[in-house]
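S.K.: Model the placement of chain C on the given structure of chain F, informed by the hints.
The lines below spell out each chain.
2 protein chains.
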Amino acid sequence: MTLILALDFGGTKLAAATVHAGSKQWLGYERRLSPANANADTDLEIMRSVINSLLKGAKPEAIGVSFGGPVDATTGKVRLSHHVLGWENVPLRDLLEEEFGVPAYVDNDANVAALGEYRFGAGQGYDSLFYMTVSTGVGGGWILNGKPWRGAEGMAGEIGHMVVDPAGSVCLCGKRGCVERLASGPYIAQDVREVLRNEPPRRKERQGRRGEVLRGLVGDNLELITGQIVSEAAIAGDNLAQEILYRASWALGVGIGNVANLINPQLFVLGGGVMKAGEDFWQVLRRVARETALPEVNFEIVSAALGDDAPLWGAVALAEDILG
Amino acid sequence: MTLILALDFGGTKLAAATVHAGSKQWLGYERRLSPANANADTDLEIMRSVINSLLKGAKPEAIGVSFGGPVDATTGKVRLSHHVLGWENVPLRDLLEEEFGVPAYVDNDANVAALGEYRFGAGQGYDSLFYMTVSTGVGGGWILNGKPWRGAEGMAGEIGHMVVDPAGSVCLCGKRGCVERLASGPYIAQDVREVLRNEPPRRKERQGRRGEVLRGLVGDNLELITGQIVSEAAIAGDNLAQEILYRASWALGVGIGNVANLINPQLFVLGGGVMKAGEDFWQVLRRVARETALPEVNFEIVSAALGDDAPLWGAVALAEDILG
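Those protein sequences? They're chains F and C, same order as listed. Just add 22 to the spot in the first sequence (first one is 1) and you have my numbering. Just add 22 to the spot in the second sequence (first one is 1) and you have my numbering.
Warning: the hint list may mix true and false statements.
As the list makes no split between identical chains, a pair holds if one copy fits it or if it spans any two.
To be verified - Restricting the straight-line Cα-Cα distance to at most 20 Å, the calculated cross-link-like pairs of lysine to any residue (SDA-like) are:
id, residue 1, residue 2
1, LYS99, ASN320
2, LYS46, LEU244
3, LYS169, ASP149
4, LYS99, GLU318
Just so you know, these hints were derived from the structure itself, not from any lab.
Only chain F is shown next, with the shape it has when bound in the complex (with noise of 0.2 Å):
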């Protein structure tokens, strides 16, 4: 049986996986955080010792590797990490196919996510299909008549910096109201916690519960607000966490609709921690994309089925890709 090797360097966390070729099942699967003061050397030394364990002196016959930054595909060469030091110009696939003497593949984890949900996942069984991780940032990975369409330079699938709003706030790239600005995790929490600090708590009762369910939640210590305690508040009925939720949920669908007038995949397939803020969320944005794209265009979104083990299914897919 073929052992394969699935790696995945997630900027904050790393982890591992072996598998058979062809099966669905992990045989060994390890995680790990990266240390808080990560670099490209710290990374690959964890990277090592957990494949070592993993591997107990076996061979993979391939490796399939996930990377959470921009790669050049073609070479399996990191450009950079913007979330760890040292990653610039790491040739990647060379280290990797030195060190265990067997071909390795690396490709970008928005890419490679979308590869795993195409191959094991939501995707299985359509031929066109955009993956978007809606989290910390927001990604996009192609797969296009059953290939990874991955650009000229390797750079497609970046609908997280797509204006949706140019009256909007101002985003780390430099513009205004791209959908990374209204529907990533951080920046949710950053807006409710601005909304709060401009606000005097508990207001008098025209003002409703707007803010109060999220002070509540965090003892009314702001920096605690997270994307995910905004989903809670929401949830319980906070009208600011909804409010901000909303135009999440709405640049999300603003999105979707262009790519699909721009692309006409069949399917759309939704992961990362900001999808798990409920039904309303998933409502409005299903609503909104349907209104954007044109009549005609149809689609499907749907939830991804692999969560955080997507990269490394779509390892196993690179992996197996060599092995033909």
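M.R.: Using the frame of chain F, we list chain C on its own:
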């Protein structure tokens, strides 16, 4: 030598040409306007007479067809025309194959023009590009991996109805501030007309030349204003014309930057009457596209090379592909 017949059902005009496969020069070429009350039958009748006058009894080996409206390229069936009545569900490919006894291929004009520019025009030597036509409407067509990408149901390329300003004016499509609402010729003319209607002519000096050149060009008959006249007025220094065109080029730039982030093609090829609006127009469009795309996303933006003949040349490419 292999004779090819290329047809262009363009909505307001009909064109046909013949060429020897592999040649870049027309053997015969004819172009006619649709009559005012055209329907599918009159279009087909006119096209038949054009074809007969071109072929003079000779028989082509294959027929390529560009149609100005949504088409199911896999069956060659026209879905409808937005300009001409009676085209609903017309099996155009089958009609032509039966009548001429040779294989035919039918696709919508944006896809076909993209293929034309790719094979014979500004896109030669590239293998991923997005073609856009900015005129009465705003449409687009994809070449990915050297082949047309039509989408799951042939609807890909609809950049015209990408929303770029959710606070903008309402388009016929029902949405606010889509690219076509801001950048198509008729809407540019309409917006200029509306401002002029609401402003008394020849106001004080503070108003400067705003609208004056425009009024001069049409002898104060605002109905005569077209996109082309707005361009002329802008080049002659009319501030109002410049403002409205600035917004149009801004909308196109945002759309192009968003598309670059999403698909990362090598090249954008821009054609259509509105693209003749002068150097300033191109400059703004290029700058905004560059600012909208992520810094790592590279692309070129060039002018279409084939003008009105892009769909005919694309039809030639379709026919050549039938012949293998």
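S.K.: Evaluate each hint against the coordinates.
M.R.: Evaluated hints:
no., hint, in the structure
1, LYS99 to ASN320, "between (37 Å within a copy, 18 Å between copies)"
2, LYS46 to LEU244, "neither (43 Å within a copy, 68 Å between copies)"
3, LYS169 to ASP149, "both (8 Å within a copy, 16 Å between copies)"
4, LYS99 to GLU318, "between (41 Å within a copy, 15 Å between copies)"
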